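S.K.: Protein chains in written order, with the numbering used here: chain A, 321 to 434; chain B, 2 to 525; chain C, 316 to 471.
Derived by calculation from the structure, the hints in this document are not laboratory data.
All figures in this text were calculated on a predicted structure; none of them were measured in a lab.
Where a beta carbon is used, it is the ideal one built from N, C-alpha and C, also for glycine.
A hint or two may mislead.
Said to hold, decoys possible - Below, a sample of chain B positions facing chain A; criterion: calculated Cβ distance under 8 Å:
| # | residue |
| --- | --- |
| 1 | Ile-166 |
| 2 | Val-172 |
| 3 | Val-180 |
| 4 | Gly-198 |
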Amino acid sequence: MIANIPYLAVVGLIIIGLSAVIFKKNLIKIIIGITIIQSGVNLFLITLGYREGSTAPIWTSSPGGVMAFPVPQALTLTSIVIGVAVTALMLSLVIHLYRHHGTLDVRKMGGDDQ
Amino acid sequence: MNFLDQLLSHAPALLVAIPLLGAFLTPLIGRVNDKLRNIFVIGILGFTGILVILLAQQIFASGPITYVFGSLDPYVGKETVIRILFEIDALSIFMAMIAIVLSFSAALYSWAYMEKNTGLDKYYSLLLLLTVGMLGMVLTGDMFNFFVFLEITSIASCALIAFYINKVKSVEAGFKYIVVSTIGALFVLMAIALLYGQYDALNIAKLADSITFSFVDKIALVLLIAALAMKGGIVPMHMWLPDAYSRAPASVSLILIGTTQAGLYGVFRVLFTLYGNVITLPTISMGWALVILGLLTMLVGVIMALIQIDFKRLIAYGAIAELGYMFLGVGTCLTILANPDITLAQAPFAFEALKGGLFHVFNDALDVGLLFMVAGAVYYATKETSLNRLGGLARNMKYTTIFFIIGLLAISGIPPMNGFASKLLIYESTYQLNPILSIIAILSSIMLLAIFIKVFHAAFLGPKLPQFDTVKEVPRSMLLAMGFIAAFIIIFGLFPDLIVNTIVDPAANALIDNAGYMRWLIGG
Amino acid sequence: MNGMTKIVKTIAGISFPFIVIYGLYVIAHGHLTPGGGFQGGAVVASGLALILVAYGSKWAATKIKEHDLSLLESVGAIGFITVAFFGILFGGVFFSNFIVGTDLLFGGIPLAGAADINTGGTLPLMNFAVGLKVIAGLFGIVFIMALAISKKEESA
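Chain A extracted, bound-state conformation (with noise of 0.2 Å):
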């Protein structure tokens, strides 16, 4: 049973996030909610990597006995990069969309056409 509570956290932080992502109307809370589904997915796959009483997987410096296993970390690493990218992307759109409608409420955006 201990050992599903990673699982656990993920759906919690999936829904969560998508529940954000989906409800609110701030742009900033937007952004939030989708760095929130990240961090469970990212989650996600270090759990699949773990096992009971593992240690990490530096080579160099190991105790022996049973590591952690490395790829689903390296497959992590990758996607928290992107997910660097990703968010500064998105954050520098909506400083330009704070600086042109004075507001991040999504409600209060649109109207004239150019």
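With the hints as your guide, set chains B and C onto chain A.
M.R.: Relative to the frame of chain A, chains B and C by itself:
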């Protein structure tokens, strides 16, 4: 000759590496001279195009090839496939051809079209990066690598959609696109993690070999199809597409067609190859799911296109309608494949439908691409996209008008253009599955014709308007790019048999030939 | 964006060298310990961001230009892909680790229990290139955002 052999043996890696290197060199060269930078970008894309053609010849002659990165052997130990590898079969190279034709003509078109903008170093860098993303998506043989290239494509295309950073609508379209496509990409990653957790493999061939269609696989399938169909702009996940296509610069809209089709390639690859061994197991036929999505896409596309008054937005909805034909054609084939009671040999129309669907992928890229370039040319000359305010342009822009007529005939499937060749294949074959399918398909084609005749009348015919008195024909580089695509359209339309036999038929065969895709895994 | 108080500036100045050294350590040991180009680069970039926040973007704009950062970023990326290209020339495959097992710098083969930095072949070189790109790229993002915000403050 020796050098050429060497080049060819590394061509799979070079196809992605050369545009990538070009993308990072572009800002450096842009500091020296603008013209040199434009020539450099066109040269890089031209060289990549030549590599694609050389590689295509080899693959059509001798079957799929795999290229392992970092080592000569894909295996570590005896059975673990952990290395990243590119697996290129006829379908991959077919999609790569589309991608490179679109990016090459977009680079050519941008020379004059984007000339007056600032920040062009970044624009060309992103354009090359987007090409890298598209090529990587279609060439890779590794699920996680597919995800990485998917994200490269999303990031680069989002930045390009929002390139007119002062126009707030462009920024909004870019934001919408990045939010939607990031969530889609995270679904893809989740699905990959689900598969990886079960089968301890990221390689597509290895996964396809060991997949069992367990409950978790079903979840992964739904996540993958939903996310990739969203990237492909299939109704009801199409809401980002009209905004993105119409607010981006015309040259970017052209490449965006390539990215949507790379998404469609993902759908086809997942259904036919990844889940190819177990496609008969679902109780709901995946083929019918594709067919219904295709019909919905067609209908929504044409109905929404009818009421548009913005030139580029109208073409964007036309593009959505065209995407439906591909799903219809490929889905028809899948209904037979997914049905355990009928084999493909008993229903020869299914293979025809697949050929039609895949041929239409190429044709759609050319037709819609040409129309976007014409819309861009009209905007370049008049600074106007609203059809209500345009008129009489045929008097001043005769070449553009001719290209528009070519695109109009091609997109609505009128002979002798290429759209007719692929649509005829789709009509004939879907009729044998269910007559209603082809009736709806023909109806939406007729509506497309009507819509674009309306555009032709509104923008090009009629008396000369005083405000467009000084309008001149667009510069030569734009005409050249349009001519390049138009030449493809006419050649494809005049010799459809030749094209179908040389490139479409091997691609369709590769898609249904699962054992061929996994041959290296079993043989080596 | 203006600078902060003298206390913040001093503390930022004291901790900056430690942050940078730590980041460079993570980059240099990327092939032996957890970490590598991206993580180390992110640490260095956060150190630079600390200085940027403490001293203000106006001050920073007098010290460094945006296009220098993008030049550095391009150089890092080109370095990475050039090493990969050398794999074709010397190792026969793209991305091939052609240095490991030779007498060149970083030519050693890593063994269990002995953390020798002179191992890893092309991996340390690629880590350096990625580190350079990430430092320039991440700091560039923060820097440009800070400039954009300060422009907004001026106009308001």
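S.K.: If a hint holds in the structure, say so; if it doesn't, say that too.
M.R.: Hint-by-hint comparison with the structure:
1. Ile-166: Where the cut-off is 8 Å and the nearest Cβ of chain A is about 6 Å from Ile-166(B), the hint holds.
2. Val-172: holds (5 Å)
3. Val-180: holds (6 Å)
4. Gly-198: Holds: closest Cβ of chain A sits about 5 Å from Gly-198(B), inside 8 Å.
Of the numbered hints stated above, none is contradicted by the structure.
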